[in-house]
Amino acid sequence: MSTPPRRAGQWKSDPRLVGYLVGGFGALVVAIAGGLPVFAVLGAPLLALAAVGLVGRDPVDLRGVVELRQIRVLEGDVVEGHIEVSWVGIAEVDVRLAGFRGVTPIHPKSRIGWSLPPTSGPVTLPFRLHAGSWGEHELGGLWVRVRRPGSLLFWEARLADAPRLRVLPGPLRLDRLLPPDEPRAVAGMHLSRLRGHGTDFAELRPYQPGDRMRDLSWGTSARLGEPWVIVHHPERTGTVLLLLDAFHTDDPAESQALARSARAAWAVASSHLRAQDRVGILAHGVTAAWIPPGGGRRARWMILDELLGVGGAVEDRVRRAPHRGRAQVPSDALVIGVTTLAADPMIPALLKHRRSGHTTAALVIDRTDFAPTTGDRIDDAALRLFRADRAARRARLERAGVPTALVSGDDGVRPAISALRRRIDRTRGVAGRAS
Amino acid sequence: MSEVARRKPPGSARHRLAFLAIVAATLTSAGAVAAGGPEFHGMVALLHLGAALGAIVVPPAIVAQIVTGTLLTAGTLYAPGGARPLLLLPLLVGVVLTAELLGRLLRMDRPLDGEIRREVLEAGAMALLAGVVGGIVLLAGSLPGPSGPAGTALAAGAAIAVAVVLARARQQ
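Protein sequences appear in the order of chains A and B.
Residues 1 to 435, numbered by the numbering used here, are exactly what the first sequence covers, in order.
Residues 1001 to 1172, numbered by the numbering used here, are exactly what the second sequence covers, in order.
Take the hints with a grain of salt, since some may be wrong.
[Stated by the list, open to error] Just a sample of chain A residues kept apart from chain B, beta carbon distances all over 12 Å, derived: (1) GLY9; (2) GLY19; (3) LEU21; (4) ALA31; (5) ASP77; (6) SER115; (7) PRO118; (8) ARG145; (9) TRP218; (10) PRO227; (11) ILE230; (12) ARG355.
[Claimed, not checked] With beta-carbon atoms standing in for the labels, derived distance ranges: (13) A:GLU80 - B:MET1043: 51 to 57 Å; (14) B:GLU1039 - A:HIS130: 56 to 62 Å; (15) A:ARG158 - B:VAL1058: 19 to 25 Å; (16) B:GLY1050 - A:HIS82: 38 to 44 Å; (17) B:ARG1118 - A:HIS130: 29 to 35 Å; (18) A:ARG101 - B:ARG1118: 33 to 39 Å; (19) B:GLY1157 - A:ARG57: 20 to 26 Å.
Honestly, the hints are just simulated from the structure, not real lab data.
Ideal placement from N, C-alpha and C gives every residue a C-beta, glycine not left out.
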């Protein structure tokens, strides 16, 4: 066992000590002052018990540490860890991990704590947790209370902070991506409207000086009697900006909806990053985040960090400081809003991006399945009103040229992306014909 | 750690210990009421029982349990039939036993050994110590020697010293 640092603590008294002292001194004062020696029969034993309880005050040299086997896990995983505590001499030790969030104890059940019989240290106490909700979670602190056998004084200290646990969203791969507005001149997976070297057929045209011999269409050339070449669409990368709605109240349904939003955002972001796109994130609400579009592993980790921060903020129920800088959204960015549309500021934000000329779309996260099903007519009416209000908000966005798709359930991202892709293609087709 | 691994689920040990504490408090209160006392004796007995019940949920209530228990025991000296100092000892043992059992519940809000024998024996040992010290003081009162406040203080001091020596010897 490595030697963990020692932390300051303090001596505290057991309530029995106060009781014995009050009862004992009271009886003895009556016995001596009142001339009633029989009261000493009550006072002396209580004071004797207090004196015995004050005996064990020798230093305990308490040390402890909390270690986890993994600090990065997926949602639903079981996290194993152990607590190591050492002290000097024989003592009764209570160990407790307090203040953890976002995880549920499996072993020991309900609380992570042990009351050990009189024994000498060090001890290693294994525990297991269920990582139920994604995010970056604090696992609280290690509190230890030590008392010598029979003592009415105990030494209590917060010995160590537990490591932070990063619970990553479960894997959700998308087989379709949203088409960015103007793919950049970097090889990627999106079909460009430009023509050039690629694999997807664009057109046939007569040979021009400078064309590659490998692009010649031998069949067409033979039929027409002159050289013709096949022109392809090049595959390019794009820029995607995720606009995450992180507004939520203490309503558990909203927390669950935010978790679903972040899960969807992560699914979209990771899929586009795999397609070599540059992905950025802008979050508004309980926490604020701005990660400018970037690509590669660095962008992947930064986005994941921000999304875990959102998850942690939901669990902590703490409003984080808002982002102070100005978010510079690249002109070619495809802006994808991930929102429940419950918060008023999201619609103006999406419309602002649309008015700025960005292709803008919204994944509307359905949270009606989180509402309790009571069968009550008033609740049903409220749910219908909520759905009507959401439909009106979606219609407002659609009228302004922001296509929307509803993400129903945790597995609803894939069909929503497909629907959104069709809507964007249709919008672009209409715009192309109009121009 | 094997000791921890063998532990039974929490709850049952705590419940049994709390039950024993309430039994001890009830017997003490009932015994004191049966022995008789001043007018408010029954009320003090109820307060003692209430404090013991409260201490299961709110540990600082142990202070009230000990103080009311001491008052209850002292009240028997004013019984209509006359004071019976020897009766103080079992009542005092009951009060201390209740307090010690309740005190052990302080540790018991976490998973703990399902076996409560060690806790009960320790609580019993402390109650016995209180009884022995009380007995020494009572005995000292009947022996020849200095009387008045000096005699009382001397007897009490000697009894406390004996208790500390006994406790240290037990720790060693």
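- Violations among the numbered hints, reported as their numbers in ascending order: When the structure is compared with the hints, numbers 2, 3, 4, 6, 7 and 8 turn out to be violated.
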